[in-house]
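Going down the list, the protein sequences come from chains G and X.
Note that our numbering has the first sequence beginning at -16, numbered continuously upward.
Note that our numbering has the second sequence beginning at -16, numbered continuously upward.
Among the hints, a few may not be true.
For chains that are exact copies, the list does not tell them apart, and a pair is met inside one copy or across any two.
Here are the simulated lysine-lysine pairs, DSSO-like style, with alpha carbons at most 27 Å apart [claimed, not checked]:
{"hint": "1", "residue 1": "K130", "residue 2": "K166"}
{"hint": "2", "residue 1": "K28", "residue 2": "K8"}
{"hint": "3", "residue 1": "K219", "residue 2": "K116"}
{"hint": "4", "residue 1": "K130", "residue 2": "K219"}
{"hint": "5", "residue 1": "K166", "residue 2": "K145"}
{"hint": "6", "residue 1": "K102", "residue 2": "K219"}
Calculated directly from the structure, the hints in this document are not laboratory data.
Computed from a prediction, not measured in an experiment: that's the story for all the values here.
Number of protein chains: 2
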Amino acid sequence: MRLSILLFVFSITFFSCDSPKKKEKVREPNSFAIVIHGGAGGGIKRDNISEERQEIYKQKLEEAINAGYAILEKGGNSQDAIQAAITVMEDSPLFNAGKGSVYNSEGNQEMDAAIMNGKTLNSGAIAGVNHIKNPILAARIVMDSSKHVMLSGKGAVILAEKYGIELVDSTYFYDERRINQLKRIQGKEKTQLDHTAYNPEFDLQDHKYGTVGAVATDKDGNITAGTSTGGMTNKKYGRIGDVPVIGAGTYANNATCGISATGTGEYFIRTVASHEVSSLIQYKNQTPKEALHHVLFNQIEPLGGEGGMILIDKYGDVYWDFNSSGMFRAYKKSNGDAKTEMFEITE
Amino acid sequence: MRLSILLFVFSITFFSCDSPKKKEKVREPNSFAIVIHGGAGGGIKRDNISEERQEIYKQKLEEAINAGYAILEKGGNSQDAIQAAITVMEDSPLFNAGKGSVYNSEGNQEMDAAIMNGKTLNSGAIAGVNHIKNPILAARIVMDSSKHVMLSGKGAVILAEKYGIELVDSTYFYDERRINQLKRIQGKEKTQLDHTAYNPEFDLQDHKYGTVGAVATDKDGNITAGTSTGGMTNKKYGRIGDVPVIGAGTYANNATCGISATGTGEYFIRTVASHEVSSLIQYKNQTPKEALHHVLFNQIEPLGGEGGMILIDKYGDVYWDFNSSGMFRAYKKSNGDAKTEMFEITE
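Sequences are here, hints too, so could you generate the full structure?
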């Protein structure tokens, strides 16, 4: 009798073996959130940025996050919210996007941008454009008003103009600091790849951070991700980085999450980084935190890459991670949580 | 006593519940294989292609597969093999790549191509180029001789020229059939999107197949994937499709598989199609057959997309699937298996 009881207990234990108790997680109804980044890179260190300059960056990040949050708060959708946040950063010379775009090897600027709608998986991306004051707006036009997903060069500019997107002369983007950056790099004959060690010669701006991005989830639970960049100083003419490559620098899927990335773009393309994070969440049951860490530290870093990602998941929670020394970032949630940071992760 | 035996049996059954016996699969040492496609689409039907014309396509596909196989057979690597197969198809006016590229809305041709090395995850892609006789060779230069992964337009041509890739005048690509195709489409004011129904007005060439691709695995088990295309007839100037977007139309990773896709590119970008197949294999333990079917029929088709994918997995096995009526395709394996087909899957 004792034997049969033991065996019965033994069998009951195994009967429940396939049904591990999972914590049931739910999204807070009508909640919303937005997270942004202004670039990740080795130059973002306390030694490199004076407190005065830190304050300038902080104020601009807060202006951007508030612009996006205000739209969500009024019941607006996540596409409009990320667009509002990104255009604030594009209009500032502080970041490597729009006005502050770096110069390529020809002494010109070529901007890329992308936006993705997590509900429909519809996307819009532009690559290698100039003359468009706010590249994210042109990406949105490609998504909303074109049968295509990705347009480059003059073709993108023609479409943007057709839809009334503001065009400017190239001189709008002129920035003496960026020109000097180009000259310094060309003097050293390399693109900004090895900048992990502190080099007092380099102005903060020389380091390959830059690229701006935003991810938002609105009251309907729809996630949108967007990214915008001037690329890399002294990049080869025509170089396209990860930003407009859906699944690399920009990705959104209501089933999993929305992501915007920043860093050494080539590595984010080769690892299909943002879609890889989404796949780890969806198919390997990793948490966003685990997935971000795995892709940045176990996939991108071993190849030699550096950067960061911001993410909002289907529950409306915000995550970020980076393997560089810093990343300009901020988030704001409807539950009152908010943060603006640039150096090491403190939580 | 009978009760305890029953319970013992019961418990043994459950004891084995977590350990389903998995068939241990291994790669045949020193085996190699190559698979190619010449495009998928609704026009590839017996009603549309005379037997004479079928024979012409068959011979060209066999010429391409043999060119790649010959390299593998001599112990060559998979990068050289797929390049050999693809250049044969690029040099033929039969396919929408290289010489046979379709015209965009401006009456010009813009070609895209990509190659990815499954061992290193290194990649090379070019987008929106003309004047390059064999776009796949330029993609290879970007991968092997550039710090970048993706170059567009003039920048790509400049790099190709620097590395001795053959440039030709645009007239090299002139093809009367393709010009007529453009005129017909423009007359109807739409890109080739709705062509699933048989339309006797349309020449076979009007249908949106085309794009060529190849995946190979060599004796060292290294997988390479490559794709090359002229895009879509009447596509908007500057439109970039899935071919040069790593993770969409082209992907290779020795850990899972190599893939080349063909079809309505926008849908392959939005679903990050080839990386999605790889993720389903890697993280959801699906077979390549299940993964291909899921992405084509349960993800791309519901969105309105159409096309196909060819795949070689880490065991050296060949797979293909498509949700269009046909796909030009062929494979050849070191174990003697070989096949050249274009219509419905027969196995």
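Here is what the structure says about each hint:
no.: 1; hint: K130 / K166; verdict: between (40 Å within a copy, 19 Å between copies)
no.: 2; hint: K28 / K8; verdict: neither (36 Å within a copy, 49 Å between copies)
no.: 3; hint: K219 / K116; verdict: both (22 Å within a copy, 22 Å between copies)
no.: 4; hint: K130 / K219; verdict: between (29 Å within a copy, 9 Å between copies)
no.: 5; hint: K166 / K145; verdict: between (36 Å within a copy, 23 Å between copies)
no.: 6; hint: K102 / K219; verdict: between (35 Å within a copy, 25 Å between copies)
Hint 2 alone, counting from the list given before, is not met by this structure.
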